[in-house]
Amino acid sequence: MNHQNAVCFDALHPRELEVLSFILPLSRDYPGIEDWFLEKVAPGIKDGSRFILPVHRFGQMVGVGIAKNDGLEKKICTVRVAPIYEGRGLGIRVFDGLLKWLDTDRPRLTVSERNLPKYSRLFDYYGFMETSATRGVYLPNSLEHGFNEGLKPRLLISEEVGAAVCPPQTKLEAD
-14 MNHQNAVCFD ALHPRELEVL SFILPLSRDY PGIEDWFLEK VAPGIKDGSR
36 FILPVHRFGQ MVGVGIAKND GLEKKICTVR VAPIYEGRGL GIRVFDGLLK
86 WLDTDRPRLT VSERNLPKYS RLFDYYGFME TSATRGVYLP NSLEHGFNEG
136 LKPRLLISEE VGAAVCPPQT KLEAD
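In the working numbering, the protein residues as written are -14 to 160.
Please keep in mind that the hints were generated in silico from the structure rather than gathered at the bench. Careful, some of the hints might be misleading.
With a Cα cut of at most 30 Å, we get these calculated DSSO-like pairs of lysine-lysine [stated by the list, open to error]:
#1 Lys25 to Lys103
#2 Lys31 to Lys85
#3 Lys85 to Lys103
#4 Lys85 to Lys137
#5 Lys137 to Lys25
#6 Lys25 to Lys85
#7 Lys137 to Lys103
#8 Lys137 to Lys31
Produce the entire structure from the sequences given, and follow the hints as far as they go.
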């Protein structure tokens, strides 16, 4: 952590500090996540372009999701669940909350090669489509898998109140 970040730490809201403290030990595939949080997430919370969804059990944070909607991109930035709570449905709860805030069923997101097996059931559940794989994005020689990049939402809201139109699943539409 550099000196500039120490000043930023002092400016964090206690909830933001709790989130940062929770994600740091669960983020070894993402060096620099502390700087990202301080430089992007904290300011985004203040301007409304970022959203944090914490999940607590017995007064302790056990999961968190962070999303971004800056008008140009709707993205799930990070989802973390405490290892002892994995496989208990918290990931679905976090994804549902982030999707609702983002107002899309096809957010952009990436996941590391090492974490892909952990999230593949969730991605299948939501019908997320892998659209890229790039080596060395965060760690040398590690593959980062991209999902839903350039895809339009599957659920199109009609002008008619309460009506929804679902295009066929097999047709992918690129922006």
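Hints and how they fare:
Taking the CA atoms of Lys25 and Lys103, the gap is near 26 Å; set against the 30 Å cutoff, the hint holds. Distance hint between Lys31 and Lys85 is fulfilled; the C-alpha atoms sit about 19 Å from each other, no more than 30 Å. A distance of roughly 22 Å separates the Cα atoms of Lys85 and Lys103; the hinted pair therefore holds under the 30 Å criterion. Pair hint Lys85 plus Lys137 holds up; C-alpha atoms about 16 Å apart against a cutoff of 30 Å.
Proposed proximity of Lys137 and Lys25 is supported: the alpha carbons are some 25 Å apart, at most 30 Å. At roughly 21 Å between alpha-carbon atoms, Lys25 and Lys85 fall within 30 Å of each other, so this suggested pair holds. Proximity of Lys137 to Lys103 is assessed by CA-CA distance (about 25 Å); at most 30 Å being required, the pair is judged to hold. At roughly 28 Å between alpha-carbon atoms, Lys137 and Lys31 fall within 30 Å of each other, so this suggested pair holds.
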